[in-house]
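Chemist: Whenever a hint applies, use it, and build me the whole structure from the sequences.
Number of protein chains: 2
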Amino acid sequence: MISDKMKSLTKNNSVIRAMFEEGKAMAKKYGAENVFDFSIGNPNVPAPFEVVDAIADVVNENDPLYIHGYMSNTGYESTRTAIAEKLNADFGTNFGVNNIIMSVGAAGGINVVLKTILNPGDEVLVIRPYFVDYRNYVENYGGVIVEVESDPKTFMPNLEHLAKQITAKTKAIIINTPNNPTGAIYSAETLDAMGEVLSKKEKEFGTSIYMVSDEPYRDLAYDGVEVPYVTLHYHNAIVVYSYSKSLSLPGERIGYIVVPSEIDDYEDAFVAMGIATRILGFINAPSLMQLVIEQCLDCKTDISYYDNNRKTLYNGLTELGFECVKPDGAFYLFMKAPIDDDKEFCNIAKKYNLLLVPSSSFAWPGYVRIAYCVSHEKIVNSMPRFAELAKEFGLEKK
Amino acid sequence: MISDKMKSLTKNNSVIRAMFEEGKAMAKKYGAENVFDFSIGNPNVPAPFEVVDAIADVVNENDPLYIHGYMSNTGYESTRTAIAEKLNADFGTNFGVNNIIMSVGAAGGINVVLKTILNPGDEVLVIRPYFVDYRNYVENYGGVIVEVESDPKTFMPNLEHLAKQITAKTKAIIINTPNNPTGAIYSAETLDAMGEVLSKKEKEFGTSIYMVSDEPYRDLAYDGVEVPYVTLHYHNAIVVYSYSKSLSLPGERIGYIVVPSEIDDYEDAFVAMGIATRILGFINAPSLMQLVIEQCLDCKTDISYYDNNRKTLYNGLTELGFECVKPDGAFYLFMKAPIDDDKEFCNIAKKYNLLLVPSSSFAWPGYVRIAYCVSHEKIVNSMPRFAELAKEFGLEKK
Chain A
23 MISDKMKSLT
33 KNNSVIRAMF
43 EEGKAMAKKY
53 GAENVFDFSI
63 GNPNVPAPFE
73 VVDAIADVVN
83 ENDPLYIHGY
93 MSNTGYESTR
103 TAIAEKLNAD
113 FGTNFGVNNI
123 IMSVGAAGGI
133 NVVLKTILNP
143 GDEVLVIRPY
153 FVDYRNYVEN
163 YGGVIVEVES
173 DPKTFMPNLE
183 HLAKQITAKT
193 KAIIINTPNN
203 PTGAIYSAET
213 LDAMGEVLSK
223 KEKEFGTSIY
233 MVSDEPYRDL
243 AYDGVEVPYV
253 TLHYHNAIVV
263 YSYSKSLSLP
273 GERIGYIVVP
283 SEIDDYEDAF
293 VAMGIATRIL
303 GFINAPSLMQ
313 LVIEQCLDCK
323 TDISYYDNNR
333 KTLYNGLTEL
343 GFECVKPDGA
353 FYLFMKAPID
363 DDKEFCNIAK
373 KYNLLLVPSS
383 SFAWPGYVRI
393 AYCVSHEKIV
403 NSMPRFAELA
413 KEFGLEKK
Chain B
23 MISDKMKSLT
33 KNNSVIRAMF
43 EEGKAMAKKY
53 GAENVFDFSI
63 GNPNVPAPFE
73 VVDAIADVVN
83 ENDPLYIHGY
93 MSNTGYESTR
103 TAIAEKLNAD
113 FGTNFGVNNI
123 IMSVGAAGGI
133 NVVLKTILNP
143 GDEVLVIRPY
153 FVDYRNYVEN
163 YGGVIVEVES
173 DPKTFMPNLE
183 HLAKQITAKT
193 KAIIINTPNN
203 PTGAIYSAET
213 LDAMGEVLSK
223 KEKEFGTSIY
233 MVSDEPYRDL
243 AYDGVEVPYV
253 TLHYHNAIVV
263 YSYSKSLSLP
273 GERIGYIVVP
283 SEIDDYEDAF
293 VAMGIATRIL
303 GFINAPSLMQ
313 LVIEQCLDCK
323 TDISYYDNNR
333 KTLYNGLTEL
343 GFECVKPDGA
353 FYLFMKAPID
363 DDKEFCNIAK
373 KYNLLLVPSS
383 SFAWPGYVRI
393 AYCVSHEKIV
403 NSMPRFAELA
413 KEFGLEKK
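Listed in order, the protein sequences are those of chains A and B.
For what it's worth, the working numbering labels the leading residue of the first sequence as 23, then goes sequentially.
For what it's worth, the working numbering labels the leading residue of the second sequence as 23, then goes sequentially.
Calculated directly from the structure, the hints in this document are not laboratory data.
Zero decoy hints are in this set.
Note that the list lumps identical chains together, so a pair holds whenever it fits in one copy or between two copies.
Subject to a maximum C-alpha distance of 20 Å in a straight line, what follows is the list of computed EDC-like cross-link-like pairs (lysine to aspartate or glutamate):
hint, residue 1, residue 2
1, LYS191, ASP144
2, LYS27, GLU161
3, LYS29, ASP144
4, LYS27, ASP144
The structure displayed is predicted, hence computed values, not measured ones.
Modeler: Shown next, in the form of structure tokens:
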């Protein structure tokens, strides 16, 4: 008696989430130390001590009615102002309190944005490979996913194909840089070039095409690679940020939406996003965490930890003969499966207690995603298992 | 360029939320002590000290990776088990971990349930007067609201009209007891009688009709009036609970869904609700608060505080000549407007710095809703203003 849509989703439940559950079951069976669960982006670096301190500070120094009470659906004004000022200091933007809406993580924020802009039948572009739930988010509001190709070596968007996929019904493009699952980061030039294509098509069709930038990995970039701020490169950009990865708070569901005053229909869009936050059932981002974040805007997670994992994993796997994309950001390694069928490869990997996510979950077959936000020890200890896996496929050590 | 649906909602934004913003502006202008904002259900009783202690305990005694990390989309197993056991102890039910899904408050929970069960065009019954956002929640998933009449004296559902409104497309009925805005509580007999009507229609049409019981006010009942547990009175009942009012945590967005094993299609429904939690962008209920709640299941808010407010307000207003419904539960007083146009009456009340919600927001014209979850002082100090308002309408003191 459940809906047809949900019936089909229960049959094809998220591979990643199913693996998360499977990993927990395997850990019970074999012992946690013998299971190598690379399936989910659950950070292994603890929240910075400033976050723990801020929780105590906020609770001890404020009226519980204030900390745990309702505020505007868009969030505490003090928190939104502080975030705007932080962005302005970091990127030379010009945001104020009415350009920021606190959200229930990035997933909540994207849903609020899509609810606000999509009429049924509107098209939303995504660049392959892409996070599987973008499709569900878009379809929640009757939108239609349209895929854009990327360069299979660099994973940069194919601009010709982008132009070709835009129609009069295109309402938005979702980008994700640093990227899940590839770790690729779009340069300022790439964003400018994309912006040009979009602007040209906006004029051609007389439409607005919003660029929705999903940025949970913004602060995870390695080797000094810059992550440009998209609102500086496109006039209709909306940013959705989350503290899940940058402060290791994925369970707390805290993030924000940046709605620049320059976007088309800004005033309606801002009001509508507040309403969408309410009627989708979020009501507001969790209140205590908003106030905690406000005290921790200058905090950073220990990125050297992930960088160390990245190097060990990338070097270890390439030495074993696996072909890998070297990630510039995020905490995922995209590795080519030695056979075409990535799901079959993941099943075989499971024999060695290695839990990898098949890339067909990201609409890009033939690869696996390895989340290296685990303990360094886990990566080191997994290497003999990966070596056995490489041997099974006859890979040659380099 | 925003969606047509959201465009129309921005034009007719929630009266309650708009008033919340207006109240804040008026407080700045006239001084908080001179504004009598009865517009929103923001509790004035602070969270119990046990909650504050539990936050410190959870943070101090656990690994931050555990407290702030991802767990299953349905929530921590320990929290869900503890809630199931608490319900079993309180109501003699037989729930286990797989009957409980942690939710982002009751609003989040209702959205998850409706996403799970509704096909576009499915009908959802609501009993007038009803919380305005039920309509938005239902329409989020393409559902159609069908209104059922209640007795204008007792606000109990009109069972004949209920039977008449049920069609082959009826997928659910949303009930809310103790009720917002009337404070009415449905007795066991009322629930049994409703259940009979629904069961008979299920057989007639060969359908399942879920009773979705929205219970943020369950623990706010006065004069010893019992709030029966609906799953004991109807075989297809789903409960959505929130700690917003019972523990004064409305900003934290923490609640749960009870999915009894007895409901039709239980297994699919339970899995689908986990998936809906994910794809609607909630991902999971805020993690720290789940663990805090787990330690506070026996806590109660100070209901005598609200009861005192209730008596002062009810007695004061009826003495002034206003006609009021005496509430058995929740923290709202439903008062008849002395003129037909409740919006006009609220506008006039504003002259006296009295912020009341017009009942036409609840699809029941001619009344106002007065939220008495404010300080007692606020109620006492508002009485002279209400007296002036009564005078303006020529009401006679009793």
